[in-house]
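A.B. asks: Since the structure of chain A is provided, determine the placement of chains B and C on it from the hints.
Residue numbers (the numbering used here), protein chains in the order written: chain A, 1 to 545; chain B, 1 to 102; chain C, 1 to 258.
Don't read these hints as lab results, they were simulated from the structure. Treat the hints with care, since some could be wrong.
Derived lysine-lysine pairs resembling BS3-like cross-links, with alpha carbons at most 25 angstroms apart [to be verified]:
# : chain 1 : residue 1 : chain 2 : residue 2
1 : A       : LYS346    : A       : LYS505
2 : A       : LYS241    : C       : LYS57
3 : A       : LYS346    : A       : LYS530
4 : A       : LYS530    : A       : LYS505
5 : C       : LYS128    : C       : LYS57
6 : A       : LYS241    : C       : LYS128
Simulated DEER-style distance windows between Cβ atoms [said to hold, decoys possible]:
#  : chain 1 : residue 1 : chain 2 : residue 2 : range
7  : B       : ILE23     : A       : LEU380    : 53 to 61 angstroms
8  : C       : GLY205    : A       : ALA425    : 51 to 59 angstroms
9  : B       : VAL49     : C       : GLY205    : 26 to 34 angstroms
10 : A       : PHE338    : B       : PHE77     : 33 to 41 angstroms
11 : A       : THR74     : C       : ILE202    : 36 to 44 angstroms
12 : A       : MET127    : B       : ILE82     : 27 to 35 angstroms
13 : B       : THR85     : A       : PHE338    : 30 to 38 angstroms
Chain A stretches covered by chain C per the calculated footprint, using a threshold of three residues with CB under 8 angstroms from any CB of chain C [to be verified]:
#  : stretch
14 : 209-219
15 : 232-243
Think of the CB as a built atom: it goes at the ideal place given N, C-alpha and C, for glycine as much as any other residue.
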Amino acid sequence: MSTATTTPAPVMPAKHFLNDNYGIRSWLLTKDHKRIAILYLFSISFFFLLGGTFAALIRLHLLTPNGELFEADTYNKLFTMHGVNMVFFFLIPSVPAVLGNFLVPIMVGTKDLAFPKINLLSWYLYMAGGTFSMIAMVTGGVDSGWTFYAPLSSGYLKTHVIMLAVGVIIAGFSSIFTGLNFIVTVHRMRAPGMTWGRLPLFVWSNYAASLIMILGTPVIAITLILLALERGFHIGIFDPKLGGDPVLFQHMFWFYSHPAVYIMILPGMGVISEIVPCFSRKRIFGYSFVAFSSIAIAVFGFVVWAHHMFVAGISVYSALVFSLLSYAVAIPSAVKVFNWTATMYKGAIEMTTPMLYAMAFIGLFTIGGLTGLFLAALGLDIHIHDTYFVIAHFHYVMVGGMVTAYLGGLHFWWPKMTGRMYPEAPAKLAAIITFIGFNLTFFPQFILGYMGMPRRYWAYPPEFQVLNVLSSAGASILSVGFILPLIYFIWSLKYGEIAGDNPWKATGLEWETTSPPPTHNFHEIPVVTKEPYAYGEEEEVPVVH
Amino acid sequence: MSDHTHSHPTPGLYAIILVTLVIGTCATWAIAFVDLGIWNPVVALTIAVIKATLVILFFMHVFYSSKLTKLTISAGFFWLLIMITMSLSDYLTRTFLPLSPK
Amino acid sequence: MSTSQTTTGEHHPALAHQFDSMEQQQDASTFGMWVFLLTEIMMFGGLFTAYLIYRIKYYPAFVAGSTSISVSWGFANTLVLIGSSFTMAMAVWAAQTGRRRGQVWFLIGTMILGSAFLGVKAKEYYDKWDECHIPGHIIGKGFNTWGGCSAENPKLGNIADEIREKTPSEPETSAVQTAKQTEIFFSFYFAMTGLHAFHMIIGLGLLTWLLLRANRGEFTGQYFTPMELGGLYWHFVDIVWIFLFPLLYLISRHKGGA
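In isolation and in its complexed conformation, chain A is listed as follows (with noise of 0.2 angstroms):
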């Protein structure tokens, strides 16, 4: 049945979702949670490369300090358009569309997610918000920065705000709608004996990340809808000519989208508490305090907000109160780190591909996390503020972090998703690729901040060139970090060694269903017994009823 051995060679079951149906029908009404999974990894992959292409011209044109490459109204339009597409289309839904979708049923122990429709539905919201943004990339672009300020978006620019705010409105409904799927499932449908404290850490990430997208969501969308009520009817909600406040905008916008920074985060994190106990094949240490840090940075998350806005305007009395906030929001994020390290130290560790990924990940997240705390800092944040300083910091918890765990956790789970190994070699090529080139990008990037670069400005004196032209350097090397695995894992569908059912000798109900796993996930419904993460003290697989 489903026991590891070692000794005959694994062969594909003869029956899984991927062979279950054929006809694109079957695809494109399917209810089967992961084949919804590959939905979205095909959409928010087309949407990361189009933020990577705006990335990419971003990045040419920096090359030189008198911006030769294109005019103003046209970088302003590619950092927004990338903005927009990496946010909203790419990092929001990467981990949890398409892992959580996939493994959540599978690790809690049953046949579907608790709204199979939904979640069909969810995906089709993500394509028309995708369609809408889409449009209004091909009929001149907008902007406005991913962050849509106010009066700027509502009464002064010239480009489709409208069509592209609509665009994220819809996508954020896709956003809820998986969140509380997730919710449900989580709550009411684990198998017999999945008990919380058995559940594996990437449910209570999925989970944790869940909570934020259905109380933050809503907020995006109504501020959104008044921005494009403020636009159309020329009415003063936001624009201080018409007796509006700007700063109000800031603080409805920032409610979500701080704590969306959360959302992008914590799924990642629930990928390295996976990834680094197996290869380890040591137990996570402190199983309670990395669950419970994911529903304190999911809770702490959305009362910082307005660490966004130290300069705007607000009152040195909140700010100091949302300043301290954002100390206190970095502990929990310790807490994990430090838990990660600890199950490191002392254990087994096999540098595979996935492993090289979580390693990164905590590096790169723990000098991103730190940097946050400088913006934190009231005094400083003046000085750094709109700086490059800050676009190094999202990108080293946003590329060196999340983007990191999304491709390591890509590499751990393609066997259980395909049936088939990706070829170890170029993946650990394309891993040190990324993690070079993304530190020869976005390091010169805090100098350049520190030194007073504003960000969002498509010229620079002159001084700043030889850090730009690194930058530059290092993006070029970090694009090839990123196209390798489209390559490879393209490669491994029909060539790819099969996998069998686990190839890592993990723990976690998902490795002891087949690869890939049928449709309903489980020949029979499994019971548990076993705590999570039992590594090193058997090394059979857990028998499964």
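C.D. replies: Just chains B and C, lined up with the frame of chain A:
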């Protein structure tokens, strides 16, 4: 878990709630024309909260629902309160003290 | 009243494949609806937050705006909606106790009351259009608060045009400022009641669908989950109005008229 299968509101209880809600609405409307100064909005919103609570507990069956349901609703209102109070904490403290002595 | 499968291997036709029992399905669906209502609390909540901030900042203008909308119609509408919540709760009860005709009639009652609410709202919106209280200068006759609309008083014009013509060096008159602030009150009035009305229209659509299914006898004590979920949605929309009424209609009424 869910015990609404065993005990659920009767039409009689619904009717009582309805009458209470109507009385509350009339009270809100009538008190609005009495000058209570700063307390007018407080009274109006207090009555609104009581009405909403009755609708939630009885019309929406929450009185008979699981702890999870009750926790979920409380979390929702708590989050709303976070948004309101922390936003107001900016606006209401902007002129506490002058930023620099003249 | 809801039971799991009647015998091993025999499933209620409405049991979805991912659930093990009708009870689990009912539980999960109800919980899912509550999670969705949470998102609605936050969405309306964003509007409420912004409204509260402006009410504090522009209190006199908000008093003026509130005084100009009809408290009698608002009061009547509140009673109508509370009544519709009662009929909806009764409809769910009828489903739970297997009364097919009861479900149908109570659903129809809810829809009639809901439509009455929307009718009154339409009348109120028309009154605002007539009095030139529609914010912005896209819809209707423009916005002004000096009495009479721009059609009768062409000299007064509307706010947006006046702002456009003003040069920065000229200070704003306090009349213009108050007018702008009152316009903001009406922006929120229309945004909040408009979003609420939009939800009611969707609610009426849901009720229609439920009515068709209830009429076919689909809902009994064993399975009435869609009715329960529809009820939750409808009651939520009622609760939003329970707060909207005092917040919009009753600002400092003791000073103004009815």
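A.B. asks: Would you mind marking each hint as holding or not holding in the structure?
C.D. replies: Outcome of the hint check:
For the suggested pair A:LYS346 and A:LYS505, the alpha carbons sit about 19 angstroms apart, so the restraint of at most 25 angstroms is met. Proximity of A:LYS241 to C:LYS57 is assessed by CA-CA distance (about 16 angstroms); at most 25 angstroms being required, the pair is judged to hold. Among the hinted pairs, A:LYS346 with A:LYS530 is consistent with the structure: their alpha-carbon atoms are about 23 angstroms apart, no more than 25 angstroms. For the suggested pair A:LYS530 and A:LYS505, the alpha carbons sit about 16 angstroms apart, so the restraint of at most 25 angstroms is met.
The hinted pair formed by C:LYS128 and C:LYS57 meets the criterion: a straight-line CA distance of about 23 angstroms does not exceed 25 angstroms. For the given pair, A:LYS241 sits about 23 angstroms from C:LYS128 by alpha-carbon distance, which is consistent with the 25 angstroms threshold. Taken as a hint, the range 53 to 61 angstroms holds for the pair B:ILE23 and A:LEU380, whose Cβ atoms sit roughly 58 angstroms apart. Range check, C:GLY205 to A:ALA425: Cβ separation about 57 angstroms, and the 51 to 59 angstroms hint holds.
Separated by about 30 angstroms at the C-beta atoms, B:VAL49 and C:GLY205 satisfy the suggested range of 26 to 34 angstroms. At about 35 angstroms, the CB distance of A:PHE338 to B:PHE77 agrees with the hint of 33 to 41 angstroms. The supplied range of 36 to 44 angstroms is met by A:THR74 and C:ILE202, whose beta-carbon atoms lie about 41 angstroms from each other. As the Cβ distance of A:MET127 to B:ILE82 is approximately 33 angstroms, the hint placing it in 27 to 35 angstroms holds.
Checked against the hint of 30 to 38 angstroms, the C-beta distance between B:THR85 and A:PHE338 comes to roughly 32 angstroms, which is consistent with it. A stretch counts as covered by a chain when three or more of its residues have a beta carbon under 8 angstroms from one of that chain; for the stretch 209-219 of chain A and chain C the count is 6, and the coverage holds. Remark: the stretch 232-243 of chain A is confirmed as covered by chain C, as 9 of its residues place a Cβ nearer than 8 angstroms to a Cβ of that chain, reaching the required three.
When held up to the earlier numbered hints, the structure conflicts with none and fits them all.
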